[in-house]
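**Student:** Residue numbers (my numbering), protein chains in the order written: chain Y, 10 to 312; chain B, -1 to 344.
Be aware that one or more of the hints could be misleading.
[Unchecked claim] Derived pair list, reagent style DSS-like, types lysine-lysine, alpha-carbon separation capped at 27 Å: (1) K299/Y x K168/B; (2) K338/B x K305/B; (3) K168/B x K89/B; (4) K305/B x K139/Y; (5) K208/B x K338/B; (6) K229/B x K299/Y; (7) K195/Y x K108/Y; (8) K208/B x K91/B; (9) K208/B x K336/B.
No wet-lab data here; the hints were simulated from the structure.
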Amino acid sequence: MIETIIQNLINALQWGSFYALIALGYTMVYGVLTLINFAHGDVFMVGAYIAFFVATFILTVLGLPGWIALALTIPVTMILTSMVGVSLERIAYRPLRRKGAHRLYVVITALMCGLILEHANLAILGASRKAFPSLIVEHVYTVGGVSFTNLKIAVIVTAILSFFILQWIVTQTKVGMAMRAISYDKFAVPLMGIPIDSIIVITFALGSSFAGLAGLLFAMSYPVLEPYMGALIGWKAFIAAVVGGIGDIRGAFLGGFLLGAVEILVVAVFPSTYRDLIAFTVLLIILSLKPTGLFGIAKTTKI
Amino acid sequence: MRKTPVKSILQRYSVHFILVVLGAGITYLAYQEAIGLYVLSVLMFMGVNIILSTSLNLVNGNMGEFSCGHAGFMCVGAYVASILGVLLFAKDKIFGVPLLSPDLAVYCFPFIIIAGGIAAAFAGLLVALPSYKTRGDYLAIITIAANYIIISLIENLGAIGGSRGFMGMKKVVNAMNDVVDLPWMVIWVFIFTVFTVWILRRYNSSTFGKGVSAICQDEVAAEIMSVDTNKVKTITFMLSSGLAGIAGGLFAYIIGYVNPGSFNILKSTEVMVMVYLGGMASLSGAVMSAIFFTILLELLRPLQIIKWVIIPLVLIIVMQFRPEGIMGNRELSDIFPKLKRFYRFK
Chain Y
10 MIETIIQNLI NALQWGSFYA LIALGYTMVY GVLTLINFAH GDVFMVGAYI
60 AFFVATFILT VLGLPGWIAL ALTIPVTMIL TSMVGVSLER IAYRPLRRKG
110 AHRLYVVITA LMCGLILEHA NLAILGASRK AFPSLIVEHV YTVGGVSFTN
160 LKIAVIVTAI LSFFILQWIV TQTKVGMAMR AISYDKFAVP LMGIPIDSII
210 VITFALGSSF AGLAGLLFAM SYPVLEPYMG ALIGWKAFIA AVVGGIGDIR
260 GAFLGGFLLG AVEILVVAVF PSTYRDLIAF TVLLIILSLK PTGLFGIAKT
310 TKI
Chain B
-1 MRKTPVKSIL QRYSVHFILV VLGAGITYLA YQEAIGLYVL SVLMFMGVNI
49 ILSTSLNLVN GNMGEFSCGH AGFMCVGAYV ASILGVLLFA KDKIFGVPLL
99 SPDLAVYCFP FIIIAGGIAA AFAGLLVALP SYKTRGDYLA IITIAANYII
149 ISLIENLGAI GGSRGFMGMK KVVNAMNDVV DLPWMVIWVF IFTVFTVWIL
199 RRYNSSTFGK GVSAICQDEV AAEIMSVDTN KVKTITFMLS SGLAGIAGGL
249 FAYIIGYVNP GSFNILKSTE VMVMVYLGGM ASLSGAVMSA IFFTILLELL
299 RPLQIIKWVI IPLVLIIVMQ FRPEGIMGNR ELSDIFPKLK RFYRFK
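All chains should be modelled from the sequences, with the hints used to inform the complete structure.
**Tutor:** Structure (structure tokens):
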């Protein structure tokens, strides 16, 4: 009995790690711009594909062993994915922001960018699924009836490390201070000599690079890639971010793990088709009881 | 006695006249089979899309909320209307012999569609009740979650087909044609489309409907000005989702087959695109963009998958150069004030 619980807990942590990593990107962009970047789930998908091409290139063309390939794939994927996120910001969002368009129009543009990424991928690479090459040898460890792989542990550790890195950047560095300042008062910040556009670019780069990392880890854990893999997981990660209280790094992280835990527990008890139904119902109840999320602060509005 | 001037008569009846001529014309052409089945189905989808975009416009445009789960309510309407129709009027594997004589289908069809709409309106409570306390992006999430919950619920109901879908609606349509041989679907889609636009126009211009725009401007201020915000929100959400349910019922009977997968978030996105392309809070904009969007979808059909690259690209470009949509928040008669002399639509 206790083994089953721990086993499910490890599974939940691993599954929640993906949500948490993606939700971090959502929440950072939201915190700075109050923009729901609906293309983020598809940036995650692009990250997985970039990881696929980089890893295949290193393994087959350069012929390097798996662990060197992994060590090279991680930074290259993160950099390339962050470039995708930044170019989205430069091409689609920034001109709209300059014009002072209504926030919802930027959201619609983000949705459309996501659709373009998905279907351009489908048009260019075709509908056939890609099999991700195995970079490291998976070992299965069994401790007292609980079995886990080195990959699972690596995923969980990476997610926790990313959380601490981002939390450190946001709370301790000058860039993080500028980010918090922008979310506090967008109009006073440029007067203080803070380059608002560069800060936004850095935010997008950070968020997207962690989505790329999530894509790489996801592709290593579930080595089948398809163009629509980012859509559903992206929407769910966004919901996780909101449940945690969007705009707050801790909230996104906890929300991701909470959603992962709920989904794994549902699958452990009920048939797996009930996963979405029960997970979303739980989230609906949480949001109805606590409308600003777990870590969100209710804003007072002046009339 | 004062004689009514000719212009006033023209102003009063021109819209009625145009609608009657248009409806009768399309019906006659469809009856004579002068327009092909393909064009006819495009016209019917156009009607369904008009209902969808105008009803979402009520929430997203007039009330200023951000609802992205419209297809979920459409799904409820589609399933309730189809199951009711098949249960009452068609022989089916699941429900067995029809409860009523299939000859009655032709009289009861509008009630079936409206029943679907009422069911969808009650599903709208799923969003309306949390909206008392929640707003903005948090409400957006609730609408997405509602969409997923509805689809997932139907996928898990094995008795009505689950994710395999549900069919048999063609038999009901055939039963209607057996009694009186008219293109019934065309007629009802047309009537319900006109009904939707009319009821939304009435709603928006009523005193109660002014509360909707007041909530869009400032919810707290509206409450101070004695607008019962919770009541307005409940009724607006229920009206919007009920109309979406009517669209869903019509959609199901046009295609003759429903499955939960066709009401996913992509469908909601499609409706949202129509609303924002037309311009927020503009009824005529929503109608025009629904027509335009349906035609665009059909024109680009030969391109297959590239279609879904081009359409978002078009929309992004529209957003860059005209971020307020085709019409902004104005109506047709605001852009061409002289038109007011020739028609009045209330």
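**Student:** Now tell me if each hint is right for this structure.
**Tutor:** Hints versus structure:
1. K299/Y x K168/B: violated, 46 Å
2. K338/B x K305/B: The given pair, whose Cα atoms are some 38 Å apart, is violated under the 27 Å limit.
3. K168/B x K89/B: holds, 11 Å
4. K305/B x K139/Y: holds, 23 Å
5. K208/B x K338/B: At roughly 22 Å apart (the allowed maximum being 27 Å), K338/B and K208/B satisfy the hint.
6. K229/B x K299/Y: holds, 21 Å
7. K195/Y x K108/Y: With Cα atoms ~15 Å apart, K195/Y and K108/Y stay inside 27 Å; holds.
8. K208/B x K91/B: The given pair, whose Cα atoms are some 49 Å apart, is violated under the 27 Å limit.
9. K208/B x K336/B: holds, 25 Å
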